[in-house]
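Note that the protein sequences, when read in sequence, are chains A and B. Numbering-wise, the first sequence is residues 1 to 888 according to the numbering used here. Numbering-wise, the second sequence is residues 1001 to 1082 according to the numbering used here.
Simulated from the structure, these hints should not be mistaken for lab results. Hints may be right or wrong, so weigh each one.
[As the list claims (entries may be wrong)] So, partial list: chain A residues that the calculated Cβ filter (under 8 Å) puts toward chain B:
#1 L68
#2 T78
#3 G83
#4 G221
#5 L224
#6 I227
#7 A233
#8 F282
[Said to hold, decoys possible] Chain B is faced by these chain A residues, among others (derived, beta-carbon under 8 Å):
#9 G67
#10 I82
#11 W86
#12 I232
#13 W242
#14 G244
#15 T275
#16 L286
#17 L289
This structure is a prediction, so every number in the text was calculated from the model and none was measured. All residues carry an ideal CB built from backbone N, CA and C; glycine is no exception.
Spelled out, the chains give:
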Amino acid sequence: MFSTDILIGVSLIYVAFLFAVAFLAERANQRGRAKWLRSPLTYTLSLSVYCTAWTFYGAVGFAARSGLEFLTIYLGPTGVLIGWWWVLRRLVRIGRAERITSIADLISSRFGKSTSLGWIVTVLAVIGTTPYIALQLQSVTLSLAVFGQGDGAVNVNADATALWVAAGLAVFTIVFGTRNLDVNERHSGVVMAIAVEAVVKLLALLAVGVFVVWGLAGGIGPTLNLIDTSPIADWSVPTGRWIGLTFLSAAAFLCLPRMYQVLVVENSDERHLATAGWAFPFYLLLMSLFVVPIAVVGLKMMPAGANPDLFVLTLPLSAGQNELAVFAFLGGFSSATSMVIVAAIALSTMVSNHIVTPIWLRAAGEGATVSGDIRSVVILSRRLSIAAILGLGYVYYRLSGGGAALAAIGLISFAGVAQVLPVMLGGIFWRGATRIGAAAGLIAGFLVWAYTMFLPSVGTGMFLSDSILNNGLFGLHWLKPRALFGISDLDPVLHAVFWSLLINTLVFVIGSLLTNPTPLERMQAFQFITAFDSGASPRSWRSGAAESEDLLLMAQRILGATEAQKLFRRFAQDQGIEGYLPSPTPAFLDDLERALAGSVGSATAHAMVGQMVAGSAVTVEDLMAVADETAQIMEYSHQLETKSAELTSTATQLRDANEKLMQLSVQKDAFLSQISHELRTPMTSIRSFSEILQDKGLKAADRVKYATIISDETQRLTRLLDDLLDLSVLENGQVTLNIETGTLGQVLDQALAATDIKGQVTVLRPKSRESLSITTDLDRLAQVVINLITNAAKYCDAVKPQLKILARETDTGIEVDFIDNGSGVPRGKRDLIFEKFARISDEAKAGSAGLGLAICREIMTNLGGSIEYLPGQKGAAFRLRLPHQPTV
Amino acid sequence: MENTPQKAQGQGRRKLIEFAMILPFGGAILVGLPLLWPAAGGASDRGVSTSSAMIYLFSAWFVMIVLASWLSWRLRRYQADD
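This is chain B alone, in the form it adopts within the complex (with noise of 0.2 Å):
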């Protein structure tokens, strides 16, 4: 409750950053998941088809893109504020 506006400020910008650093390791699962996806000629008869492979690796990747975008945007301000 004690915050001042430049502690606050800190705290966020440090939060952001924490954030920065720890969103390349989210992506590396994101991207790393469909390693355990069943792989064709497998137990099961079929594995996942290359379509929808691409459909949620794509969507993984714009994810990716707008949270970093995001963050872009935030620290940006807090540059902006300096």
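Excised from the complex, chain A in its bound form (with noise of 0.2 Å):
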């Protein structure tokens, strides 16, 4: 026979060139030269996983007990490929789309981010998974055990193969499967191993089939004498199990979380679809052509009492040929080790998304909204899911003491994760589908399936009593596990699927019809729903690059530009930042998420931040299609209040044009009556005073004094006259400015030589900023000043009256300022001080007739710039603003 020793250093050999074709692959895919890696080959071989040690080896012993029915478990999953159009096709779509991460994730993700429903289903699939694990470690254990049996000294210890084995896979695991935090969670070099595995385990099976038909038989003729002589010779599959068994496989197919990883996650391009398609059941066709002619041939050579499920490996070593027997060894380890890696790492994904990190995050408190430090939680907590999850599979084995055969068990794990699927299918297909009747239906299939069919198959006494088996819970005999409802007649299997299927979809459609789904739920179901309709592309987000911005353009959509582009640019200058784009605070995230809570609710504005700043499954331009939605809804409300507001502020404006009307027909009378008298009193002076020169009897001192005094009357006559026509010309555009280029200093210098106010009021000016060139016209620039300068000195009152001039420069211009130190301009006449025939105190001084600033006013309009009132500096305060470049 052969020595165990001498296959334990094979299997090391085997498993040390597995982690170098893992590392190979994964490096030359961090060198971007992978392009093989992703091939539909690979993505075809990596789907082999759904061969475990249960194909491998049950099979045979599934072929050995009950014929051709054991072509069922490789039926269901060639209907879904052949069929992929329909399912797998939409499941690959939302899964890149929304960047799922796990079965459960798709649940959870479809029914509104439901931290609870991801929970449920990780622990259906934990649940469901671990006899699976543990009848992986049981195969190789019991395969090594049938190169022990003959060595005769060397008594294998079962306990501790399997133990060494599965820490074996944990290492393996956990070197490759989480290595890094990959944004689209794909392990290339794992795919890779995976795919090697596949090719193994082929290669194995097809040799031992070769060798039993062609070495064994005596070729194929003699093979199919020897099918019909045999005890499985007649075709009687009982029509409920052909039936159910493919129906529970394809259902398994789709559900199985390691599935889940490599049909969806591991995918890299949807188009490999259309290969595996056809390739992937070419694949379980090879792997199943020669079970029925190695189980006839190992029922009719080995001893009676010999475990079918073994005959792959016993009849090579019956016939001598141990290099055979060997290779066939790696096959079945290939098949274990690959189910184990693939679905550890599916798990330990689930295990750490779904139940570590929400409690971590929750005990972390405010805190954990910092996106660094979650990332090396999450690869710990992979980790220790991985360990925990291999640990448990362990467990299991020991307690179950591997008895069962290999198909019962993989039934048993099948039936439990199928029961996702009327979730999955109601989340892909059914918009109405909600979160209550989800958890509902999922919770109450599991509850069925664990009853009828986990529960007894540990065995009577472990957790259900023979009482409970034989007369039903609570002595109800239509509660009995193996006949629900007094059907009894039903086998095992299909009694448990069909009632946890049943049940479970019942409560599932029953729940979503009786709830309503919550803001986010509608929207997830959406997106899901119409992953083809919208004709989009599967979309790149790119986590981390231009965070700011991505919010900025969610934020516009919802809050609209202005408002949005307000809101940032704020919190930029309270960062410190120029610009409108603030680095991603927690309290700016906080904020902002409080800003989108008034616009959308509280919940969708958390999700929304969230997953912009987490970066997971819902990505930006999915935000970007639901806040588009949200803005159109929001513009038409926005518009009807817009039409609202118009109305009233058109009304206001009335009302102010109104008021202002007849605050300047007042202003108006008061003016005439004031230029009438202003033109009045000179008038009157004059008249007397000419009369008075008329008299022959005057002194000549008199004549000149009084001449005097009819000349000073004329020239403010003339003063107010020309002031009149000057503002006349300005107003119409009539005038003619002659643009010169100077400097503001001397404008100003120029402006107070014209003046005489010494004494009057004191002017400040800080030279440093008067250098400034302008090109304007500089006279009247100075007329400007010289007004501004002269009101100052008139009616500041102020102890010590003081002017500031001062000036800066700007994007568009130069500005100037004038502010004194007196009591300003009350609020009510701001409006009036630059209209003409406006005062701002009813008493004349100085002979102004209020043409000042009006005349200033019109000046600067005509330069290009513009005056105004500054309110809020004390005094009275005027600016001054001057483009650049006059805009004649």
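Mind assembling these two chains? They're in different frames, but the hints should get you there.
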């Protein structure tokens, strides 16, 4: 026979080889030279994690017990893949578009990112998968023991082997499955190793098959004869099991966490599905091609009590083909390890994303919003989960004692995970499915499965007593675990699958009909169900890049561009950053979320900001789409609001205008009386003094005095009339400007020289900015300045009047402020001071007719600039604005 | 007769997709057929033998694979044209 030591050595070399393959693939991927890693062939081969040790060894046993029925396990997945256009394509599209990381994430994400649903599916998956992992450990130890039997001297310690295998697999999975937190959750190294293992197990099974058919049976004809004379010669497959098991395996193919991992998560190109659609069924066909011959030959040639589950190994061994047996062992080893590795990765992702991280986030409280420290926690939790899952598998293996036939455990596991099917299909096809319905359906299906299948399988007395098994729960006959509602003729597997899925589906549907989805659920349902209608190709969103900008884009669609920009600018200013993009600090995100919540509600805002920052399932584009929808509705209501606001503001404007007109009219009356007074006063004195001058008996000195008075008064009249004329020219835009270039200082000097304000007001001029060069009509500008200075001299009521003249350059031109330290212009009069005929105070001072500021305004307008009253400066303050170049 | 190339291509693609959607049902019928065969110990003395059932099932399976691969090849050609 064969030494177990050599066998273990071969296994270790094989494992080292797998390590190397995984390592090289990972490195090639990092260097971007991994095109072949993402080929349709690799994808197809990676799907072979479906074929576990159960398939490798167990199918032969299955066939030896019940003939061609074993084919159902392969026909189900074949149907799913040949019909990939229906479900798989949709699953892959959704998975890629929504960045789904696992089957639990799919369900959770579809139903409004429900934490509890993710939790339920994860627990279900762990419970459903643990027996399956135990099964793989069992198959490895069993196959090792087969070699040990002949050895005689070495007695293989089965428990120790299982432990070593579990530990080794844990190390491999941790090394290649959790090396980094990939955005896409893809593991190129692992996938490559699995593809290699797929080839090994296929070749191994084919080699054994070829050897059995041509080496032992003597060719195809004799093999067929052998089949027809064997215990399984007749086609006698029960209809129910044929249909039921095919359906079950199809369901499991879609719902098994490891299958979701390779089908969707590790998928790098949707088009690979089309290839896998025929290539993987072909792989399955080859895997099952020799199963019946091996079973039949084994039944004939091996001793009566031999375990048919191990014919793949025992047949070559008994024929002395040790090398072939070792190859077959490696095939079985590959089947077991690839399944365990992928299942552990898939489950650890689920456990860490849906159980550990939420708990950790809750425990860590507010500080957890910083994204940096979550990653290390996630990786650590994944590593621990992998170890825990394999540990659980080992414990189950020890507890179950490795007694039951392989096929039975496999089917129990299949039925357990198939409970996800109704919710999964409902989630991607039915918009009305709700979170509560999904949770209720899952729990109901899970309970029925556990009661009718899982617990009885563990053995009577462990969880379910004999009395419950035989008489039903609480002694109710219709609650017998294997004959629910009195249906006792059904095959136990079929019975459990039928009732669990039926009740699951019913509860799910009724629950969904009775409850209403939350907004987030609606949004997710829309995304899932219209995955293809939008015509969008798989989107890519790289996290980390331009996060603030993405946030701004989103906020703009919800709050409107101006509002959002204002908000962001404010945040940026608070952070001391120029522009519109503040760094996404927790404080900023909190504020932003609050701002968004005002528009879309707090839950959505939370999810939106959370997703944008954490960068998981929902992509930015998806949020944009939702934001767009929201924005449309909001815009409509906004339009209505705007219209009503417009009406209100028009009314207000009319009222204001009316008031202004009234005021102006009053002012005008006042002005008319003023101007008549102004004209009348000099006219009166001119008339009376010229009459006096007509008197003959005047002294020469008096005559000169009176003539001077007449002259002065005439000048005053002329000035008044000049002003009116000037204003009229300016208003009509008929003024000709004399554009020159000079400095601001010159203009101020010129203006100060032209005014006689010595002692009346102190002018303060910080000269640093006065060298500013200006191109405009300097004389006209000086006229404005003169006016402002004389105004200050006239109206400043401070004890020590001061006038500050401050200049600065802005983006658009030059600003010059004239600020005095008086009491300023009363608020109510500010609107009027630039109007013609306006007066700040009723008393006429220094012969002013209230035209100065009106002229100033007209001049500034003609120069392309403006003059305005600057509020909030204590005294009266005016700001002149001039463009760099006149706009003429 | 007035079909433009794009139109013809669109139609061809739609036909292919319809074919892809119908294919699994054809497969289900092929695989379900053996259920109608007489079982051993029934009215006739012997039912269908396992060997013939096996040959039938594997042939049906293989036909499905060939059809699916032809479909995949045609679809890929359409996608490559896009």
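Hint by hint, here is what the structure shows:
1. This hint holds: A/L68 has a C-beta 6 Å from the nearest C-beta of chain B, less than the 8 Å allowed.
2. Checking A/T78 against chain B: minimum C-beta separation of about 7 Å stays under 8 Å; hint holds.
3. Among the interface hints, the one on A/G83 holds; its C-beta lies about 3 Å from the nearest C-beta in chain B, closer than the 8 Å criterion.
4. Evaluation of the A/G221 hint against chain B yields a violated restraint, the C-beta minimum of about 10 Å exceeding 8 Å.
5. Taking 8 Å as the C-beta cut-off, the interface hint given for A/L224 holds, the closest approach to chain B being about 4 Å.
6. Hint on A/I227 holds. Least Cβ distance to chain B is approximately 4 Å, under the 8 Å limit.
7. Against a cut-off of 8 Å between C-beta atoms, the interface hint on A/A233 holds, since the closest Cβ of chain B lies about 6 Å away.
8. A cut of 8 Å between beta carbons decides the hint on A/F282: the least distance to chain B is about 5 Å, and the hint holds.
9. Given hint, A/G67 at the interface with chain B, holds; its Cβ is 6 Å from that chain's nearest Cβ, closer than 8 Å.
10. Hint status for A/I82: holds, given a least beta-carbon distance of 5 Å to chain B, under 8 Å.
11. The beta carbon of A/W86 is positioned within 8 Å of a beta carbon in chain B (closest approach about 7 Å), and the interface hint is therefore held.
12. Nearest Cβ of chain B to the Cβ of A/I232: about 6 Å, under the 8 Å cut. The hint holds.
13. Checking A/W242 against chain B by beta carbon gives a least distance of about 6 Å; that is within 8 Å, so the hint holds.
14. Given hint, A/G244 at the interface with chain B, is violated; its Cβ is 12 Å from that chain's nearest Cβ, farther than 8 Å.
15. Because the closest C-beta pair between A/T275 and chain B is about 6 Å apart, less than 8 Å, the hint holds.
16. A distance limit of 8 Å between C-beta atoms decides the matter here; for A/L286 the minimum to chain B is near 10 Å, and the interface restraint is violated.
17. At its closest, the beta carbon of A/L289 sits 7 Å from a beta carbon of chain B; the interface hint therefore holds under the 8 Å criterion.
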